[in-house]
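Chemist: Listed below, chain by chain, are the residues.
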Amino acid sequence: MAFSTTVSQRKHIKRKAPRGFLKRVFKRQKPHLRLETSGDLLVHLNCLLFVRRLAEESRMNAFESKCGVIKKEHVQAAAKVILKKSRG
Amino acid sequence: MNVRRRSHRARSIGRLAHVHTSGNLEEQTPRTLLKNILLTAPESSVMMPESVVKPVPTPQVVQSSRRESSRGSLELQLPELEPPTTLALGLLAPGRRKQRQRLSVFQQGMDQGLPLSQEPRGNGSASSLTSSLNLTFATPLQPQSAQRPGLARRPPTRRAVDVGAFLQDLRDTSLALASPGDSLRTPVATLPTDTVLEDTQPFSQPLIGRSPSVYHSLPCLSHTEAEDAKRAVSHRTQSSGPRLQNHNPGKPTQLLAGKAKKVDALAVSFPNNSSAVSGEDGVEPLQDGVGEEAEERMEESLSVSKVVATTGTQGSVRMEKSKGHREMTEAAEAKEPEGSSGASLELASSTTEFLQARRPQFLEPAPPPSAAVLSSEPLEPLSTRLPPRARTPGPRPRQDPHKTGLSHYVKLFSFYAKMPMEKAALEMVEKCLDKYFQHLCDDLEVFAAHAGRKTVRPEDLELLMRRQGLVNDQVSLHVLVERHLPLEYRQLLIPCAFSGNSVFPAQ
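Sequences listed follow chains A and B, in order.
Sequential numbering from 955 applies to the first sequence in my numbering.
Sequential numbering from 16 applies to the second sequence in my numbering.
For the record, the hints were derived by calculation from the structure and aren't laboratory data.
Computed from a predicted structure; not experimentally measured.
Treat each hint with caution, since some may be false.
FRET-style restraints, in silico, Cβ to Cβ [unchecked claim]:
#1 A:Lys1039 with B:Ser517: 32 to 42 Å
#2 A:Lys981 with B:Gly515: 32 to 42 Å
#3 A:Val1035 with B:Thr419: 19 to 29 Å
With a cut-off of at most 20 Å between alpha-carbon atoms, the simulated PhoX-like pairs for lysine-lysine come out as follows [unchecked claim]:
#4 B:Lys469 with A:Lys981
#5 A:Lys1026 with B:Lys426
#6 A:Lys1026 with B:Lys450
C-beta atoms are modelled at their ideal positions from N, C-alpha and C, and glycine is treated no differently.
Isolated chain B, as found in the complex:
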């Protein structure tokens, strides 16, 4: 009797709820039920107490959940599903009394327009998802749970948390990666280098580990970092130092603005090198990397610092600060092993800090001690950076649009590769793409000429892909289009019949 009542109710509800199923209301498999629930029910987070969830046998739920898990898009909803379904089973197990109550509740739910509403007993949270699940599983669950109680398995409820935590981690890492850069750089100068930063290091774990420490190191060590940066960089460019001192102090602002970009590139190179190089090598590899990447820029920034130094030395008050800085820098320098990894961050953050006009008081005292320190050492490469930068405005505009277009495919490459990549490898990919485009255009020209045309048509493209082996008798072009292109493009490419005896795109 219970079974009949339940089945009747479930069926009636099923008719209401499962509007999406075409016919076949008799066989409500878990698969179809779940599918309909997911389609109809709003998303809601379901937090079920473990005690209710565990002891209930759920062989069927496990099966259905497994089936559902095969569908990628519904994956995230699974952990929410499983507790409610087990809860439903738990509720179905007890006797008549509770069924009557559920019936009344169900009728209320019917009035309210909810397809299934069943207040779970002893549970405060009755989301529509839960209630919908409770009822839909009424019929099929009972026979199975009666037959095989021993096959009960604990549903992996942990999954919801994992996904949430994982997403949270993603946000954190993206935030942590984005925010230090944002906080450090001026908005104008950051735009090109932000993309560069994300481009070159999509997967570097060291960078992720480092980014929080950037935060911490930044506020306390800002002044020392500037000097560290200069000192580190100074080893590289020795010869240009004295030359730079002749720069008139008239263009510090330009240099600073230009420096911001350089330092950002520098910051980019730092994570690159730091990830590639083990930490215990100290500042040296960083310097090497820096020197390789942006030697000129070092010089420019050095000239700036020199310029500012000359202006700053006139302020005697700052000498005190500079002394303090010098001590701190020396102390920081003494901490070589930890400074190697910290130095990378410090350098990155410090150079950017140094460049920004935000902290002029640090800027000025920083150069004088650095000048004093560096006078013994070869040079401040930073100041030498800027003049070469100003010299080359010409060739850039021609290269940039081409490169930005290619960068789209380069990003796709790094995405498909799923592995961290070196910057040289990415440049290699760009070269390959260039060659590929040349080959492509040549082939298309040949095919069009063969057909006696001067316009390249999609048939030529299809022939090309056939010759490449991408399209064959098993796999047609339309299949490839469907697989790899988004819907909008698919509509444009594959002719589809519409109402009114029309086909779009017209053939």
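Isolated chain A (complex conformation):
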């Protein structure tokens, strides 16, 4: 598929968007609003980019602390930064 990495690990990441899940989450949060069909996919795209940024930030944190494993603190610090960035 376009640009994205070849999965060389044993875990094969599925590329499908959990559209039902996203719709459900949106409905639960904002029952008075409606979400369009293609908006669903863009939300998924947004989530992908968010997760990617979060992962890279936590990876950097882990590198800086010279740790071979990503720990909770790394993720927490990364989340603070990235959530602030993606507030819009």
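Given the structure of chain A, go ahead and fit chain B onto it with the hints provided.
Modeler: This is chain B only, laid out in the frame that chain A set:
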């Protein structure tokens, strides 16, 4: 003359073979040639003898291969390409005689419909890939090989093996990881925990190293492992022991079934802890980890074992077995240092073994010696596991679909991170995702309200991404869509013109 003949032939063949190239048949660069070969030729493994491959100068081939290597998808075909191309060069070097032969062979190949067919001399394997390569490289190679014979470089033929070996290793590790779990667990109980297992430890090397040993340890130490597990777990939950003895033996099957799940979770926690904890700490950290993770479950399983023990003690025949087990367990216990890593496996495998009805004879004698052993020690936490498990069916269904949806993104996180992660870190990621979704919905609501709408449209999403900084004047939304979403979604999102003056999706 030779050059002309060869070039003529190559060109004619080129016209036939290179249907994909648009015009420009005159300049057949190695890049285009290789590309066309890869497009037209079927995949075939080419094993070339080293002697033929080595002495041939291949400056051009190296260049073209380097160019090709930049394309990710064609990478795997490169090692197959290189030997044949060098072989082609080797064959072109000799004289006229061989060219004539090749010509006849070529004509045969033409009749057969193959674009290029040239039987490599002194080489049994003539795959279509080889033959196609031999001919396409006829023209350009000759001048270059004549000009710069000194630039010949040995092509890295090892690459094919490496990739194959690497894939094989992947299969082995996945197989080794999957199979011990499969062999150990009942099919029903494994489903939720299988995913959990894969989820939490995508990259742990210790786990991979361990999995083969699980195999070995499993058959010989199954009976001892059950006791080890119980003993290890028993240190944790002491107080609940006597209470559990009151359980009526009426529900061993339920407990066993429930236990399977717990033990699987236990098994999950073991690799987690074992990977996190160094081996020489012995069984203690495992116990700690176990205690933290599933203290209640320990108790449940303990109650089961107690129950079974009570039933089992009535069978005197099994006492012999139990004695043997006890000795073996003690011996196993004596081997503390090696048991630490083995114990983790043993515990995992043993508890699962213990739970399965497959080996009732082990089940029953196992509890009596464990009961005997554990009576001196505080408790068997396993039996205490099950009652709390049965008490909480309510809240689970509400949490599960939400969590399974989130787990998709959590898996993506662990994939993008490319590093092993702790379980706590993954839970943190889930919390972050929850917060993120809240923020997202709020923002979308604001944007839709700003536009006076009650439906969230893609324009709102675009505005959101622009505000987040993902979309700017250099990078448009369509670019992001193309980069990160699969083709089907891209077709749905980006309007594209089709025949008949129609655009899909309609705007």
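Chemist: Now, for every hint given, state plainly whether the structure supports it.
Modeler: Structure-based check of each hint:
At about 40 Å, the beta-carbon gap between lysine 1039 of chain A and serine 517 of chain B stays in the expected band of 32 to 42 Å. Separated by about 37 Å at the C-beta atoms, lysine 981 of chain A and glycine 515 of chain B satisfy the suggested range of 32 to 42 Å. Between valine 1035 of chain A and threonine 419 of chain B the Cβ separation comes to about 28 Å, which falls inside the hinted range of 19 to 29 Å. For the given pair, lysine 469 of chain B sits about 13 Å from lysine 981 of chain A by alpha-carbon distance, which is consistent with the 20 Å threshold.
Taking the CA atoms of lysine 1026 of chain A and lysine 426 of chain B, the gap is near 16 Å; set against the 20 Å cutoff, the hint holds. Note on lysine 1026 of chain A and lysine 450 of chain B: the hinted pairing holds, with a Cα-Cα distance of about 16 Å set against a maximum of 20 Å.
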